[in-house]
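Asks: Chains as they are written, first to last, in this note's numbering: chain V, 11 to 194; chain D, 42 to 400.
Don't read these hints as lab results, they were simulated from the structure.
The reader is advised that the hints may include incorrect statements.
[To be verified] Reference excerpt, derived from the structure (chain V facing chain D, CB under 7 Å, subset only): (1) Asp12; (2) Leu13; (3) Ser14; (4) Ile16; (5) Asn19; (6) Gly21; (7) Ile23; (8) Glu24; (9) Ile66; (10) Lys108; (11) Gly109; (12) Ala159; (13) Glu160; (14) Leu170; (15) Ile173.
Glycine included, C-beta positions come from ideal geometry on N, C-alpha and C.
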Amino acid sequence: SDLSSIKANKGPIEDSIDLTEKYQSVTERYYTPYYKIDEDRTRKNDLCLQLHSNRISLVTLAPSHPILTKNLQIKEVDCQVTKSLDRKKNKAVGKGKKGGQNLDPTSILCHLETEDARYAVEAIAPSKLICMNKLVLDNPSLIRNRPDAEGHIAILLPYLGQIEECKASLLSKEAYDKIISEER
Amino acid sequence: DLVPLKQIWKYIYPHNVTSEVGLIHESGDTADFFVELVIQWEKDEIEMQVMERLCPKEYKERAKKTNVYNMGVYSRQGVDNSLGSVSHTKFMEEFSVPPPVPDTPFQLDFRMSRSSIWLGGRYCKYTRELPQTPWLIKGVRKCFSSVEELIGDKVKEFLDCEQVKFLASGREDVDVRMLGSGRPFAFECVNSKKTKLSQSDFEDLTKLINDHHKAVQVNSLALVSKSSIKRLKQGEEEKRKQYTALCITKDPYELENIKKLEEFKDLVLKQETPIRVLHRRANAIRDKIVHSMTVTQLNSTLFKLGVISSAGTYIKELVHGDFERTKPNLCSILGVDTDILALDVTEVFLEWPLVEKEA
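Bound conformation, chain D alone (with noise of 0.2 Å):
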């Protein structure tokens, strides 16, 4: 087997770039800083035409779909994956082994960036009007912010980045509170200058978010690793969720029959997908667990539930039903219409942020 011919280059040209800037050369498997050399030659169109010779049908092909080739038929993948068909001889009856000379110069461009770092914490949402992610319907803005910008705008101007994506444990609809200690969450802080934070920084930029708005706070800040991620997709998926609903019934409800619903441990639930995201979910039914609840008398009509639940239970299908798409449910336990008129989250039980051991 033949070295492959970039193989070779990679061997060789770092120690001309190191000689002239003095540096020492790392493999980019394991570097946190890039450069990017961007080379382009005006004949490498022609060069390439090659290929319409010794994969005519092919290639002819290719030309027909503008769409799916609209940024060059030609691609480094592409143009290998089809000479794997072609003989050796076929090939240098067509183009000479070696390659000609370049006999006019060509384009360099660079870029530099450097790996993304990772920030984490956990938020806490107190108001009914802020959804989690920018809102938009037919790219209108239906709400102005999000928890996602107040947060975002604040990481990206400490850190001084290029862009923040963000990413988080779950999230909670519009008008439900997110209280305890926070939902875990952490942003891809891409092209960040500061990428190094001491204690008092973390403080600085707990306090800048913080202050940006009262309605989102967030706490626990550290640098992650990017492995330690997953947990957060894992987290929605398995950890538990802790929760306060304000319950309203038709008609005055009698203390002890409520208070029954303490005694449920690990109830089973079969929830058919909810009315109001069917428009976007498939229609299914899905298991899933209530471990435990707590009742609180407000009065005849109105209680507090506390509900500690399996990973994606829909809690408010669990108190009203949703016309017994939910089963069982509150009003099918009480024997009395029971409907929910607000909902909080009150703990997502999972250790996060991870943060990384000094090396």
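With the rest of the complex left out, here is chain V (with noise of 0.2 Å):
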């Protein structure tokens, strides 16, 4: 494309754009999905990982997990991950995130504590956490109702030379439904 394709437009807002689109969400609009099924299909801690354009990516619930599917109740989010580790203490600082804690696809973000069973949130990408989602901490029945908006559980910086191999080693939306419609 060059010059002569991009056109002015003066006129009002309302007609500067495609209005025919349907509605997206925040989290359809903007982000990826990529799935992480549990191996073991009795537990089904299915997780998804939801990458923006800039590489940012949301830890969240897949829809397939019980904490969705059985409407369970989340008593905490636990973030003491090992005596000495508490992801709550994360410091990110500065553009680079320096200090960030680092982060490989099976380190556990935190525990959700149901009444059913105890969930371990794993990271999924090998990245550098940002942030745990301070809302969900204070707030767990978010995850439940807003799992990939206000639901989220970590903010992560994947490592840029390890998003395409990660990326390959998740499923797609496509091929993530597919194998769960299976399962019904």
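Mind assembling these two chains? They're in different frames, but the hints should get you there.
Replies: Here it is in structure tokens:
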């Protein structure tokens, strides 16, 4: 494309864009989901990595997770992962998020304590932890009610050189939907 | 205190030049035109090797650091500093005072330049597909042009200058239009051949730029002083902006519900760094102010929001809340999922350009 493909539009704002597109949530509009499903299909601790176009990622529960399908109550979001490691104490300073906790795909971000079971939420992507979502620490029901929006569990900055490999190891929405529908 | 040799040379030498060229010499502090003489002598390095004998430790270290001292180990400032620790007697042991007269000729090169002129103005961007400045990812262009280049190329052409450097009072996203009287900007024009512009010159330049592409239009072009340039940055950090946002709600809204937004005055927002810029900005919370809002209904789920806010307010996040990282937001105030479909900047409240008064 070149200069001639760009048109000047001086009209009112409602005439300056295509209004026929159907409504999309903020998550649908700006993020691409990648799914990591639990090998243990009775436990189904299925997770989702919502990847923004700028590489920043949100870790959320996948729609097939028991907390969502069985509407389980989350009693606590426990960030004390080991005796010495508390994800709440993460400090990522400056543009480069210096000091942010280093995460492997299987690093545990937190445990979700429900009446049924205790679920470990993994980081999914090799990344730096920017922050745990303070909102869900105070109000765990957001995870269940707004899983892919206000109920996201953590915000990560995946390592640039490893992001493509990570995406390849996860399921696209199409692949995930197929597997889940076949399970029913 | 001795008068530096350099100073004495500066008092004496210009007379040699003026008598030859018949022009008046002015101090470099106030002149706009410069002739730079670059003098090089083949035995400079050899002469400087005395530093290895006077400050051996220091210069041995520097010889190793080829990365830092890639332009050469001896700089005028560096040698000056090193000699501060050398006594007169020690110096005279290693080097003759006065220095020997050069026995071979030196190379003389010259460069002529003039001080930059500054062209100020305001621009409007009528498209949602053009970035303000060149957009490159890993050296590859994401968009073939920019506001900076569409205007700058013509300024460079018209003024016949070596280079133009773009400065603006803030910026808008690629997908945001800039309307109203436009965003204040300036170009530093380096080594410009044309330095005086008449009224008709400004008109011609405006037409040249505006004919280039209809989506980028300028107005109020004027020459501005270098000192006024800092107003652009001040404006970016301090001045209010006005916006129109096209908003959509997930479910039909009640008009009287959204009309409530017009009652807010100087609403304080706490904005955590929006996720869409979190990859290049620090994660912090910033206080911003929404001075006032106006609402116009378009249909049961669509409305236009007019906003006047403090500098640096992220409007998209004011509307959708960015997962509650911006509080309050339209979703929390209206009680319904609200998103922004389009954004226009309708005013940048900064007086610009500030025109130089004729002396």
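Asks: Please go over all the hints and tell whether each is borne out by the structure.
Replies: Outcome of the hint check:
1. Against a cut-off of 7 Å between C-beta atoms, the interface hint on Asp12 of chain V holds, since the closest Cβ of chain D lies about 6 Å away.
2. Annotation: interface hint on Leu13 of chain V holds; nearest CB of chain D at approximately 6 Å, less than 7 Å.
3. Because the closest C-beta pair between Ser14 of chain V and chain D is about 9 Å apart, greater than 7 Å, the hint is violated.
4. Checking Ile16 of chain V against chain D by beta carbon gives a least distance of about 5 Å; that is within 7 Å, so the hint holds.
5. For Asn19 of chain V, the suggested interface contact is upheld, since its CB lies about 6 Å from the closest CB of chain D, less than 7 Å.
6. Taking 7 Å as the C-beta cut-off, the interface hint given for Gly21 of chain V is violated, the closest approach to chain D being about 9 Å.
7. At about 5 Å, the closest approach between the beta carbon of Ile23 of chain V and any beta carbon in chain D falls short of 7 Å, and the interface hint on this residue holds.
8. The interface hint given for Glu24 of chain V holds, since its Cβ lies 6 Å from the closest Cβ of chain D, which is under the 7 Å cut-off.
9. At about 5 Å, the closest approach between the beta carbon of Ile66 of chain V and any beta carbon in chain D falls short of 7 Å, and the interface hint on this residue holds.
10. The criterion of a C-beta within 7 Å of any C-beta in chain D is not met by Lys108 of chain V, whose closest approach is roughly 10 Å, and the hint is violated.
11. The closest approach between the C-beta of Gly109 of chain V and any C-beta of chain D is roughly 11 Å, which is over the 7 Å cut-off, so the hint fails.
12. For Ala159 of chain V, the interface hint holds, the least distance from its beta-carbon to any beta-carbon of chain D being 5 Å, beneath 7 Å.
13. Because the smallest distance between the Cβ of Glu160 of chain V and any Cβ of chain D comes to about 5 Å, under 7 Å, the interface hint for this residue holds.
14. A least Cβ separation of about 10 Å between Leu170 of chain V and chain D goes past the 7 Å threshold, and the interface hint is therefore violated.
15. Here the hint on Ile173 of chain V is broken, as its CB sits about 12 Å from the closest CB of chain D, past 7 Å.
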